[in-house]
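Starting from the known structure of chain W, fit chain V with the ligand onto it as the hints suggest.
One line per chain: the protein sequences are W and V, in this order. For the first sequence, position 8 matches number 8 in this note's numbering, and the numbering has no gaps at all. For the second sequence, position 234 matches number 506 in this note's numbering, and the numbering has no gaps at all.
Source of the hints: derived by calculation from the structure; they are not laboratory data. C-beta: ideal position from N, C-alpha, C; glycine also. Don't take each hint at face value.
Cut-off 30 Å, straight-line C-alpha distance, at most; resulting in silico cross-link-like pairs (DSBU-like, lysine-lysine) [said to hold, decoys possible]:
| # | chain 1 | residue 1 | chain 2 | residue 2 |
| --- | --- | --- | --- | --- |
| 1 | W | 235 | W | 223 |
| 2 | W | 226 | V | 656 |
| 3 | W | 165 | W | 50 |
| 4 | W | 217 | V | 509 |
| 5 | W | 220 | V | 642 |
| 6 | W | 235 | V | 642 |
| 7 | W | 263 | V | 682 |
| 8 | V | 682 | V | 656 |
| 9 | W | 50 | W | 16 |
| 10 | V | 656 | W | 263 |
| 11 | W | 235 | W | 220 |
| 12 | V | 656 | W | 223 |
| 13 | W | 226 | V | 682 |
| 14 | W | 263 | V | 509 |
| 15 | W | 165 | W | 16 |
| 16 | W | 220 | V | 656 |
| 17 | W | 223 | V | 682 |
| 18 | V | 656 | W | 235 |
| 19 | W | 220 | V | 509 |
| 20 | V | 656 | V | 642 |
Label-pair distances were calculated between CB atoms; the ranges are [to be verified]:
| # | chain 1 | residue 1 | chain 2 | residue 2 | range |
| --- | --- | --- | --- | --- | --- |
| 21 | W | 223 | V | 555 | 34 to 40 Å |
| 22 | V | 544 | W | 246 | 43 to 49 Å |
| 23 | V | 573 | W | 180 | 35 to 41 Å |
| 24 | W | 269 | V | 543 | 25 to 31 Å |
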Amino acid sequence: MQRDGNGNAATEPSLKVAALVSVGRHPVTGRARRAEYDARAVEIGLSLAKGGDLSLVHAGASSPETEAALRGYLGMGPGAVDVLQQPEGSDVVPALESWLRAAGPRVVLCGARGETGEGSGLVPFILAERLGWSLVSGLAEIESVDRDTMTVLQALPRGQRRRLKVRLPAVVTVDAAAQPARQSAFGPAQRGELHRVASEVVPDAAAREWTVAPARKRPKRLKIVKAASARDRFKAAAAKAEGSGGQVLTGVSAQQGAEAILKLLREEGVLR
Amino acid sequence: MSEIVRRDPRTEWIARNRLHPEHEAVLAQLNGGAAVAQWMGPNGIIRRNPHAVGFIGPNGIRRIDRSGAQTAHASGSARREAAAVPSRRPVRIDTPAFIVAVMADMPGGRLSAHDRDVLGLARQLADEGGQGAVLLVSFCESREDALGEAGVDRVVNFAGESFEGYAPEQRLTALGGIERQHEPRYWLFPDSPLGGAELGRRLAARLGERPATQVWQIADGQCTGRGAAGTTDVTRKLPRIVLALPECAEPVSETVHAAAPIDPPAALPQPLRRVEDLGAVAVDPAGVALAEAEFILSAGNGIRDWDGFHQAARVLGATEGASRVAVDNGFMPRHRQVGATGTWVTARVYLAVGISGAIQHLQGIQQCDKVIAINTDPGCDMVKRADLSVIADSSEVLAALVEMVEGVRKEQRNAA
Ligand SMILES: Cc1cc2nc3c(=O)[nH]c(=O)nc-3n(C[C@H](O)[C@H](O)[C@H](O)COP(=O)(O)OP(=O)(O)OC[C@H]3O[C@@H](n4cnc5c(N)ncnc54)[C@H](O)[C@@H]3O)c2cc1C
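Bound conformation, chain W alone (with noise of 0.2 Å):
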């Protein structure tokens, strides 16, 4: 799917649009980066939003590393992010909530899930049911933008697509079906700036109480034969896989063994 659509795209002026994002974490090296899902989401968010109203929102604790991390999303365009100060282990959503509902924008774009923490990919449903907005997941593309809604494509699974209309304000959810974000730029990511703003803080009560290891290898599924005797578990393990009898039509014509074939398409819906 070409991306020029974003260029007739009818997007007005003052749209409005947020992305939130949040420090994720090098698969390999660990270290503190931008969150490859977010990246995406803002990327979207930068060419929807051309030159126009897009602002940055994170909620998590300050530090060096943290900062370095949100720099990453600056370096690729937006001039500022708004830090909102949540000291480790505090709920974010009340602070985030509060930030939508005076900032009001149109259109909200996530990441359908953090690197770090508990990163259940829940954050968006949140603030989708306490602002009453509508929520889309796995966008791929916004295709255009009108007063009220928003005609989206949303990527299913086997690399299909659906086309969504969606009622303003939404909140979208965006993974790795959508377009790849841009490099990040070291000189506007150190000119962009971070605003530090107070936020209420709502301690996360119920995470004290987990348990966080590194993850364990999940053992492998065996393959359990239930069979009565040694030979029948032999036979098993060591016969090649045989299909369960299917039909054969052996003598028909060209024409009889494609209605066949037809049918059985037909039947599992995958003709169109």
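Relative to chain W, chain V with the ligand alone:
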């Protein structure tokens, strides 16, 4: 065959009496003509004749097959019939103590492997807490005939236009109805993109509960799920709403359950429709990665007419695949190769044209649901694997298929 057992006390008596002159003949007759290895003696003691056990193999060596396949006729036909019935234990739960609700994705109306794993987990939770019942909530016409074997006690099916396509708000109100009517102790969802992952999170947000996501293990009231993009394990008390990963539990394999359909809750509130589904967008099937294509038309050494094959793929809207021979001969690009050294495909329908089904190729299509073969050789391995095989020339069948599909399309266009 008649079910009534007719007894002949005299032959039974002769059969028990080893010294009776007709003993051998009667035993052989009872056994359908073969020598008998064991029988009940007059004092109720089992007598054995070791010389009659087994059979003489091709090299003149006595072989003993203990699977029962060879000696099954010794015990009479009635016992053989009993052995043929499935060994799953039927379970009925009429008055469940509580409900474990499972929302299954059911792509194409069938339970996916992920759904079965989650149902296995639900079964585990339902049985641990006493007589719980597993309630399956589905939003599409079920084409699965063995829901009971997956461990489902009750089924609620929300059919209807308003639930079709992408209708998360409608589905959410339906789940809300289930929540009010049945008050499930647990809600389980497969954590699969756009299926359970989304609805589960929506339900959690609506009910204000904190779910456990990416769960892969539940034990002793604790659940373990992946966190931080799969790099950590978060262990916590088992919450009410659980979104589970594939292979979170073994699917049910020992019991068969009732899978009784029950009525969906009446009078669901009409939700505000904020998202409208405008339908699927045509994507170029050639652009879809082979590994995730839904419908693959695959070519092998049995294809002569390559233009016809490409045209068939275009008309059917299928992604093209190939066997190694077709690739090596230069008819198809390397990235289209299916099999051990190519791509492992997951298509729902795999149409193999002129492919013999070498083991290296069959490995690559293990996860395909339906396999269709077009081949001239009825004895080849692909035909054994296939759900439907047409034994005919590949180019003729493909041409007929193309003609038929185009004919139907034209009719539809004229009718519209
Ligand atoms: C290490 C190794 C790795 C390999 N990896 C792969 C792999 O990843 N993928 C793979 O595919 N192979 C692989 N192979 C090759 C594999 O062993 C087979 O050689 C190959 O799959 C056979 O391809 P085929 O079925 O197209 O050809 P053939 O075996 O030649 O079969 C042709 C079939 O077409 C039928 N046919 C002929 N004419 C017609 C007609 N007019 N109409 C209809 N049917 C017709 C024939 O009956 C026959 O069944 C590998 C081999 C090795 C040694």
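How the hints compare with the structure:
no.	hint	verdict
1	W/235 <-> W/223	holds (13 Å)
2	W/226 <-> V/656	holds (23 Å)
3	W/165 <-> W/50	holds (21 Å)
4	W/217 <-> V/509	holds (21 Å)
5	W/220 <-> V/642	holds (26 Å)
6	W/235 <-> V/642	holds (24 Å)
7	W/263 <-> V/682	holds (18 Å)
8	V/682 <-> V/656	violated (36 Å)
9	W/50 <-> W/16	holds (11 Å)
10	V/656 <-> W/263	holds (20 Å)
11	W/235 <-> W/220	holds (22 Å)
12	V/656 <-> W/223	holds (22 Å)
13	W/226 <-> V/682	violated (51 Å)
14	W/263 <-> V/509	violated (49 Å)
15	W/165 <-> W/16	holds (18 Å)
16	W/220 <-> V/656	holds (29 Å)
17	W/223 <-> V/682	violated (48 Å)
18	V/656 <-> W/235	holds (17 Å)
19	W/220 <-> V/509	holds (24 Å)
20	V/656 <-> V/642	holds (13 Å)
21	W/223 <-> V/555: 34 to 40 Å	holds (35 Å)
22	V/544 <-> W/246: 43 to 49 Å	holds (48 Å)
23	V/573 <-> W/180: 35 to 41 Å	holds (39 Å)
24	W/269 <-> V/543: 25 to 31 Å	holds (27 Å)
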